[in-house]
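Work out the full structure, taking the sequences as your base and the hints as a guide.
2 protein chains.
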Amino acid sequence: MSSADNNGLRDLPGGVLAPRGFRAAGVSAGIKIAQGQLDVGLLVSDRPASLAGVFTTNAVRAASVEYDKQVLRRGAARAIVVNSGNANACTGSQGHRDTVAMAAAVAAALALPSSEVLVASTGIIGESMPMDKVETGIAKASASLGDTPEHDEHFARAILTTDTRIKRAAVEFELAGTTVRIGGAAKGSGMIAPNMATMLAFLTTDAAVPPKLLQTALRRAADVSFNRITVDSHSSTNDTALLLAGGAAGNRELAADSPDLAVFFGALERVCRSLAGQIIADGEGATRVVEVHVKGAASKDDALRAARAIADSPLVKTAVNGGDPNWGRIVSAAGYSGARLDPARMELLINALPACRKGQRTNTPKAKLAQEMAKTHLTFTVDLGVGDECETVWTCDLSREYIAINADYHT
Amino acid sequence: MSSADNNGLRDLPGGVLAPRGFRAAGVSAGIKIAQGQLDVGLLVSDRPASLAGVFTTNAVRAASVEYDKQVLRRGAARAIVVNSGNANACTGSQGHRDTVAMAAAVAAALALPSSEVLVASTGIIGESMPMDKVETGIAKASASLGDTPEHDEHFARAILTTDTRIKRAAVEFELAGTTVRIGGAAKGSGMIAPNMATMLAFLTTDAAVPPKLLQTALRRAADVSFNRITVDSHSSTNDTALLLAGGAAGNRELAADSPDLAVFFGALERVCRSLAGQIIADGEGATRVVEVHVKGAASKDDALRAARAIADSPLVKTAVNGGDPNWGRIVSAAGYSGARLDPARMELLINALPACRKGQRTNTPKAKLAQEMAKTHLTFTVDLGVGDECETVWTCDLSREYIAINADYHT
Chain A
1 MSSADNNGLR DLPGGVLAPR GFRAAGVSAG IKIAQGQLDV GLLVSDRPAS
51 LAGVFTTNAV RAASVEYDKQ VLRRGAARAI VVNSGNANAC TGSQGHRDTV
101 AMAAAVAAAL ALPSSEVLVA STGIIGESMP MDKVETGIAK ASASLGDTPE
151 HDEHFARAIL TTDTRIKRAA VEFELAGTTV RIGGAAKGSG MIAPNMATML
201 AFLTTDAAVP PKLLQTALRR AADVSFNRIT VDSHSSTNDT ALLLAGGAAG
251 NRELAADSPD LAVFFGALER VCRSLAGQII ADGEGATRVV EVHVKGAASK
301 DDALRAARAI ADSPLVKTAV NGGDPNWGRI VSAAGYSGAR LDPARMELLI
351 NALPACRKGQ RTNTPKAKLA QEMAKTHLTF TVDLGVGDEC ETVWTCDLSR
401 EYIAINADYH T
Chain B
1 MSSADNNGLR DLPGGVLAPR GFRAAGVSAG IKIAQGQLDV GLLVSDRPAS
51 LAGVFTTNAV RAASVEYDKQ VLRRGAARAI VVNSGNANAC TGSQGHRDTV
101 AMAAAVAAAL ALPSSEVLVA STGIIGESMP MDKVETGIAK ASASLGDTPE
151 HDEHFARAIL TTDTRIKRAA VEFELAGTTV RIGGAAKGSG MIAPNMATML
201 AFLTTDAAVP PKLLQTALRR AADVSFNRIT VDSHSSTNDT ALLLAGGAAG
251 NRELAADSPD LAVFFGALER VCRSLAGQII ADGEGATRVV EVHVKGAASK
301 DDALRAARAI ADSPLVKTAV NGGDPNWGRI VSAAGYSGAR LDPARMELLI
351 NALPACRKGQ RTNTPKAKLA QEMAKTHLTF TVDLGVGDEC ETVWTCDLSR
401 EYIAINADYH T
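Protein sequence lines correspond, in order, to chains A and B.
Every letter in the first sequence is one number past the one before it in the numbering used here, and letter 307, counting from 1, is 307.
Every letter in the second sequence is one number past the one before it in the numbering used here, and letter 161, counting from 1, is 161.
No lab work stands behind these hints, which were simulated from the structure alone.
Careful: at least some of the hints might be erroneous.
Chain copies aren't distinguished; within one or between two, either way the pair holds.
Said to hold, decoys possible - Straight-line Cα separation of at most 27 Å, DSS-like style, residue types lysine-lysine; simulated pairs: (1) 69 x 358; (2) 300 x 368; (3) 295 x 140; (4) 133 x 366; (5) 212 x 366; (6) 375 x 133; (7) 295 x 366; (8) 300 x 212; (9) 140 x 366; (10) 212 x 140; (11) 368 x 69; (12) 295 x 375; (13) 300 x 140; (14) 69 x 295; (15) 212 x 133; (16) 295 x 133; (17) 295 x 368; (18) 212 x 375.
Quick look at the structure:
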């Protein structure tokens, strides 16, 4: 999964609290309809932390996204407050005021400058925030901060919407002789779930990394993880990934010319890929995870275009759901992607078995291909036959359950 | 539906045989698995006819598409043979030879030059054509050509795959004092159905129109009809629309500077839009038809991009299926389309009711919006708030039945 399996990189249990110097909480404030569900999360760095963030490219953005982009300009933050159950998107100037009020409430409770508090929201679009509940939740969360495994889990749970399970990852590795950690928690099930929204990821590290390098690292890691997954091709108004670097590990601050930079990049990539994989596996109604690997492309863009077309095709996704080795759908999706390809040289492997060679069917028995398609983790390797570039995208199948979740739910 | 409701434009029953000077047949050749289903269609012009054609833009194209493009260069043809049940796509050089053999079989049976016979195929991808059956079918069809309403219907039926009903349209109108007709038949249910494929349309007219003008007319009409519909965003390897102009009406051949050109364009548009609408209404698993009208765009391209993003979003389509006025999904799909828009000025009407204004919810009661969403024909009018351009796309809902058709079917 990563080129960074050196420098003693090893997985750790837990998420945002795996690195030292952070506290967290997850509480129930009654924002979600279901009684007693955790819906306000709070993550605090004990020290001033470097900040990196990447956000949705949707032109329709939630209030919190616009707000966080302002905070990001300073490159430093102390706390992140998250609510689930309401996206605070398409809510106009009142929405903006509510986001500012959430930051102010955290700042007041923790005696921090309001400008160092980030806000993230996920849930229903177009509804006013129930600010009484939110502010009560913030007070409760501020009072219950801690750094135990329970706090780590409660935070991870408070950010969920239609997710069926929490999503966490953490690693430990050496940076110039100092042991440092990176951890994270994420949510996301549909890119937009039943009128709930969004992919969120919150990442922490106890390494000392200046904001500019941290931003480069997060953008790079997001590009090969969160930006390479698709459940339903519908990108959200609220997508947010934030990374806080507190420096509690005591390493010498990473420099742009340090050979250790690649190590840090690799470790962050590993955590982000793990979280992205967990999101796909928990995609709405998903029963199978599919890795779509396109190679032989004329350019990276072409490879990505073809991989996305395959991963987003409802016909490919329903074939995966039915366990049907319907390779014509995969090849024809690459065909309409706009990527340059040579139909007479195209190849397709389903896991290790050739399903299409030189643009035509192979003599692999259909029963053998069907056996591969029945596995819960699938890889489609598509060769476009015109170059040397490759890209990978992860997706899941499209099931009746997806329709049930998204059609039967009413706003 | 059209600006051409003048010159006495009126709808006629029937399809490809509504214009004079054509004969057709539809027979069963055993290509489809189900016993006795019609699967070979033949359409013949009594006179040499001008020819126009538009084809899939998929880089992976069926043998018949490549072949027809060659025929189109001459701008004239006499016959079209169509088989359903096998797409003859991803079949390499053998596929090409089979297409040529189909044309040759028609030419031999009807004593025509092979270069004036067009071929279209639709059905399973990547399987060899059962040429014995196909050639027997062609002989049978050639022997049973006729111009009765039954022949018209049999042809329309022979081109279907997962379609649940035939799709035909025809009009009559005056061209400089001469009564002329345009008719057509189409198939298409998924852009690719259960390993079946394709949108096909076959159009005839008894007007005399030179090939170049005919091609302009067909391209224009296809652009506002077949190219504006989406069932599942998966474009086929075999999409083909062909138009034959035989001239039996006896009008003076249309000239490029004739004021009647607009009348002919309008009438052809009407037929193509009718067929496109019938395809959407019969989309796999469809229970509702949705017209997505985007206005206030900075450019036509932007309007189309936003309309397509909305029409292709599985979350919008499942909301339509569930009858849920989930306007956040519609607005956010426009948001990620790449079209320029002003979130603070966006508006959305569901039929005539405002659901979103200035980027926020309106006070239209949710129950009233839900009533509109429950109708079988819906219009979403989305104003991007930045310009004056508009575009319209038609789509259908995404239902459990779509999953059933496409996941449970096995190749």
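The hints, checked one at a time:
1. 69 x 358: between (48 Å within a copy, 23 Å between copies)
2. 300 x 368: neither (32 Å within a copy, 48 Å between copies)
3. 295 x 140: neither (51 Å within a copy, 47 Å between copies)
4. 133 x 366: between (57 Å within a copy, 24 Å between copies)
5. 212 x 366: neither (52 Å within a copy, 46 Å between copies)
6. 375 x 133: neither (44 Å within a copy, 37 Å between copies)
7. 295 x 366: within (24 Å within a copy, 48 Å between copies)
8. 300 x 212: within (25 Å within a copy, 39 Å between copies)
9. 140 x 366: Answer is neither; intra-copy 58 Å and inter-copy 33 Å both fail.
10. 212 x 140: Cα proximity of residue 212 and residue 140: none, with 34 Å in one copy and 74 Å across.
11. 368 x 69: Neither, since 51 Å and 37 Å both go past 27 Å.
12. 295 x 375: Classified as within; 23 Å inside a copy, 46 Å across copies.
13. 300 x 140: For residue 300 and residue 140, neither the intra-copy (48 Å) nor the inter-copy (51 Å) Cα distance is at most 27 Å.
14. 69 x 295: Intra 35 Å, inter 30 Å, cutoff 27 Å: neither.
15. 212 x 133: neither (36 Å within a copy, 68 Å between copies)
16. 295 x 133: Neither: 51 Å inside a chain and 39 Å across chains, both beyond 27 Å.
17. 295 x 368: within (24 Å within a copy, 51 Å between copies)
18. 212 x 375: neither (42 Å within a copy, 53 Å between copies)
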